[in-house]
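A.B. asks: Put together the whole structure using the sequences plus the hints.
Going down the list, the sequences are from chains A and B. Mapping the first sequence onto full-length UniProt numbering, position 463 (from 1) lands on 463, and the numbers just tick up by one. Mapping the second sequence onto full-length UniProt numbering, position 183 (from 1) lands on 183, and the numbers just tick up by one.
Residues on chain B that point at chain A, a partial pick, calculated with CB under 10 Å: (1) Asn132; (2) Leu134; (3) Thr154; (4) Glu178; (5) Gly186.
Simulated DEER-style distance windows between Cβ atoms: (6) A:Leu534 with B:Asn52: 45 to 51 Å; (7) B:Asp161 with A:Gly216: 52 to 58 Å; (8) A:Ser449 with B:Lys148: 18 to 24 Å; (9) A:Asn810 with B:Lys156: 52 to 58 Å; (10) A:Glu504 with B:Asn132: 19 to 25 Å; (11) A:Ser449 with B:His59: 42 to 48 Å; (12) A:Ala671 with B:Phe23: 45 to 51 Å; (13) A:Glu504 with B:Asp161: 37 to 43 Å; (14) B:Asn34 with A:Ser449: 55 to 61 Å; (15) B:Gln7 with A:Leu534: 58 to 64 Å.
FYI, nobody ran anything at the bench for these hints, they're computed from the structure. These numbers were taken from a predicted model, which means no experiment stands behind them. Each residue gets a CB set at the ideal place from its N, CA and C atoms; glycine is no exception.
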Amino acid sequence: MGVALTRSAQWTAAGHGAKTLEVTPLNEAIVKEIMMFVESFIYKYPQEANYVFVEPLEWKTNLDPSAFGSGYAVSETTVKSEEVDKNGEPLLYLSVPQIKIRSFGQLSRMLYIAKSMKLKEAQACIEANRNPVAKILGLDYNIINGKNGNSFVSSVLDKMNKDDDPESEIKMKIALQLKQLDLHLLNHSLKHISLEIRLNSGTVKNDIELLKQFSGKGEQTVLESIEYTSDYEFSNGCRAPPWRQIQGEICYVLVKPHDAEILCVTCSKEGVFLNGGKTDDEGQINYERKGEIYKDLVTLLKEKSAIFSENMSKQEVKFSEQLQKDQPNKAPKEEVAVTHKTSITSRKSAQENRINLGRSQLTKRLEPSLNWRTSVSSKESRNTLRDTQVEKHGGKLEKSRSSLSSGRAQLIRKSVEKIEEIISDSSSESEEDEEQPDHRQEANADLPSEYWQIQKLVKYLKGGNQTATVIALCSMKDFNLAQETCQLAIRDVGGLEVLINLLETDEVKCKIGSLKILKEISHNPQIRRNIVDLGGLPVMVNILDSPHKSLKCLAAETIANVAKFKRARRVVRRHGGITKLVALLDCGKHSAEPAQSSLYETRDVEVARCGALALWSCSKSYANKESIRKAGGIPLLARLLKTSHEDMLIPVVGTLQECASEENYRAAIKAERIIENLVKNLNSENEQLQEHCAMAIYQCAEDEDTRDLVRLHGGLKPLASLLTNTDNKERLAAVTGAVWKCSISKENVTKFREYKAIETLVGLLTDQPEEVLVNVVGALGECCQEHENRIIIRKCGGIQPLVNLLVGINQALLVNVTKAVGACAVEPESMMIIDRLDGVRLLWSLLKNPHPDVKASAAWALCPCIQNAKDAGEMVRSFVGGLELVVNLLKSENKEVLASVCAVITNIAKDQENLAVITDHGVVPLLSKLANTNNDKLRRHLAETISRCCMWGRNRVAFGEHKAVAPLVRYLKSNDTNVHRATAQALYQLSEDADNCITMHENGAVKLLLDMVGSPDEELQEAAAGCISNIRRLALAIEKARYS
Amino acid sequence: MNRKKLQKLTDSLNKNCKHFSKFEVKCLINLFYNLVGEVMERQGVVIGLDRNAFRNILHMTFGMTDDMIMDRVFRGFDKDNDGCISVTEWVYGLSVFLRGTLEEKMKYCFEVFDLNGDSFISKEEMFHMLKNSLLKQPSEEDPDEGIKDLVEITLKKMDHDHDGKLSFADYEQAVREETLLLEAFGPCLPDPKVTTCVHGTETKTSYRSSSPGLPGLASDQMSHIHPQRTASKRKRWPRNRAGPCL
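C.D. replies: What follows is the structure in structure tokens.
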């Protein structure tokens, strides 16, 4: 109960002597809980109840000695219990008004005696004994000091091991009981707190005071002004006139945000809302509510003023900067006070966010999104703790901040984690960034010497003219800027601001120097974010217009570094950066003619290279890809691709590869004849270039023409030969990807066979990372479509590794593997191997995979397996629950899954016994339910299955009963011959039943079937004719019956 | 000056001055005589721009402000040390000043910075040149401390042989490593923005940006610009992008 008491219980403000518990529902609840615990203690744990406390619990009681009865020695003013400890001291000693109790047994009895006053007694006891656990169990067991449950238990266990005497065992039990109570209380208080979301005058006042501190003129403040309408404050903290207080209104404030008119706001217990504003009479307010009720002032203002919410989040950055500064200085007492609040807020936050607003608004404001919240809870409570502290130090904010930059600050931030988001292929731009707050750790006083030197240089940057600035910049450049210490040092001493500021000046030299530094330090993800936060990107984008080529280069390169995350890319786009970057590419237009290469030429090439580099970074966002295309980037990229500069080619191909994920680009790439050059560069020496080329081909080769182009330009051979080089896994993944997509075309597969690529691919089935495996297996799956290749794969021993891959979990890999295994199973000899390796069972279990793609793919693969397996019926039956599983898959929503499962059922149903089993599992109604579909693939397989299932018992009749016949007739109107054939066969089977014939006839099947009889497809002819004959025969029989 | 003489002078200067075309040389000569004024054209008298006239040009045209540096630039132009700049010195000087290669510029700048002409830039000279480069902060006890520190930083950066002063070799090496250091101690070369519009009023010729063959002012060197060029100064020489030039 220690923790609960210190943290949850609401103590009145300290000051005069002993603190008392405030009279609140929460406290009352806590006290009641404790009371119930103590009261029942004597019954529940009789042994522990006799345990003698280390120190007595002592308080002033209102109990009269006369109340005590048997078991006590009662005199006029004293009561002694007859129960005594080892030394003969009584366990309860009352000498009016002081009472001392030394066991739970006596406590329980005392509460029993107190009867109606027991609540008061318990409260008095708790108030007087602020740390009951320590008193009961001794200081060793004091569990208040922030120990969490685990360490508590472990320390208890430690003790248990150390001394074995029975007393300590009892102590232990009590300690555990108390711990449980503690937890119970905390939970209980949590429930209570969650109910309390009404505002009170205190919280409103806090809120307004805080906002005042951050208001004033200037850009950085959150508000222009905020003030009460009335200076007079009533004793209850309200400023509203008494007749309004009855309505629950607390005060009225006039708020002037930066971007809106003066708002007149009413703060009431129900919440905060806009009122009718000041009326013409002096000092009068139109109290009527004019808007929605918000839960607190900050929420309302955030709603009403964009600048407010923006600056509010800025303030937060400042807070976090100065937080560590305050951290070490805080007095322990303060900490207790803070933790008190903290535990409440952090616990509450886990359950209900809103509550924060009432109690510690700052916490809420400082947390920009829930992302932060979801971080580890210990960290969270740490944050909250800090935040709460800011409340105290808010006023000093400006001061301490300036001191921070002027150098007294004793902190350096080391990045705790590197936020790398480099290859995050973004799809949507809308979501708020994966921003993480800066991780700035406080370090000890031993800062590296670089820190001080850099600080000095930044001082000269700030206070020097151009000459001094250039010297300082050059000198700064001499530091190891790749080192994180230096990068962060520059930021921490305020260097980033100055560097970015320099970019806005007219001074080319200063800009160059500044960009050279920014370019280096922007390799650090944190710095990138800081640069964006400080508005560095728009300035750099503007520099792209500069006539100075070296400036343009540097700016583009820096943008390339900074735009590695989504928000930055968005900023670049919004400021027209993409168009300007694309324009940079134009510089290299003469570079294709090497004869002219002069100083100017090389510069132009360099500019284009930097432009491409920046575009590469930017092209990771979807909207940017679109902008690049619209700005006419593709022809320029295509032209640059013709050059022979490797430095240039990598970013160009990188950009193309990134963009090729878009359909528009693929078309354009085809149109601009880019494939040719991609293929050419596959032969380059540079591994990175090869990788990107292969990647681009992989993206583009979804398109058939592109695949042919790759072959025509001789791209397959280099691809095949690159397969043998397995050291560079990224490149291997790209190359195998390209091979996979290219092998979708049959001609390409033939080529690959010539180049012995299939053997190599089989060799890659083991010991490769998943990205490679997915592609390799995909390629093999395509190759397997041909008989010869299947033989090659079997002969190379490819089946075993393929089957082994069936146990994986990667969805893409499983889809490909099942496809490949299925393709192999077409070959009876291969099928034997698969069967021996238990591959069918593995495939079957993949039907349980949650991904529909995997399910469908596995089901397709099962079809040839069942077809080609020896004694297939027996094999299928051997899978326990397998048939039921398959039948239940007919309930799926996914058309592909349904079609594939129908195909499997068709194959299963070839075995009469299995057909009987699936009929029992209710396959007929399920199939009938599917009949109303427009999907031709599903129609075909469904019709096949139905015709197969008709072979058993009264299934024909059952299909008719489940109304499957009429929809089937409609299938005949489809355009797909396969559907016709399957349907005609199904109808033929169904027409064996007279009722079905009637349904068919009613649905106009005869005319449709007559057309089918004229089909060139013999099977279709036969089935259609059979069906017609059945219908006709029925008609004849009826006529005969009628007239005879 | 008669036409024939002018032609001869142009030819001889053009032969020795690779950075300018013949036409440009002609324009420069014309400009020179415009500046000097016709009165000076008398036999036997040295024709030239004196220090004040030259400083005036530097200030007006190139926006230079630092008196000391301007004096040094004058010295740099005035090869024969006779206190005035002749037409030959004018053309040669401008060819380095506006179109010089990195080597020429390094040599020129070093001469400018080497105040006492002992072919070393000493600490004292640096101090002298940098003394106005920092904002005086009233809080600091010794206002010169920052300058001294700056000198030390510069030495650390540029003094490769660690003898406490900069030789031309030191300077050259440092500049080759980082071209920004070319004008390390003060701007003594024109702003590229200005070079494109200088003298636009006098001549109607254009060559700068439109003639690709001209070497010299590749952007890296172009980037050595002059600080604190105020708008008002530039206004005297209206930009004439269509027909700029010397």
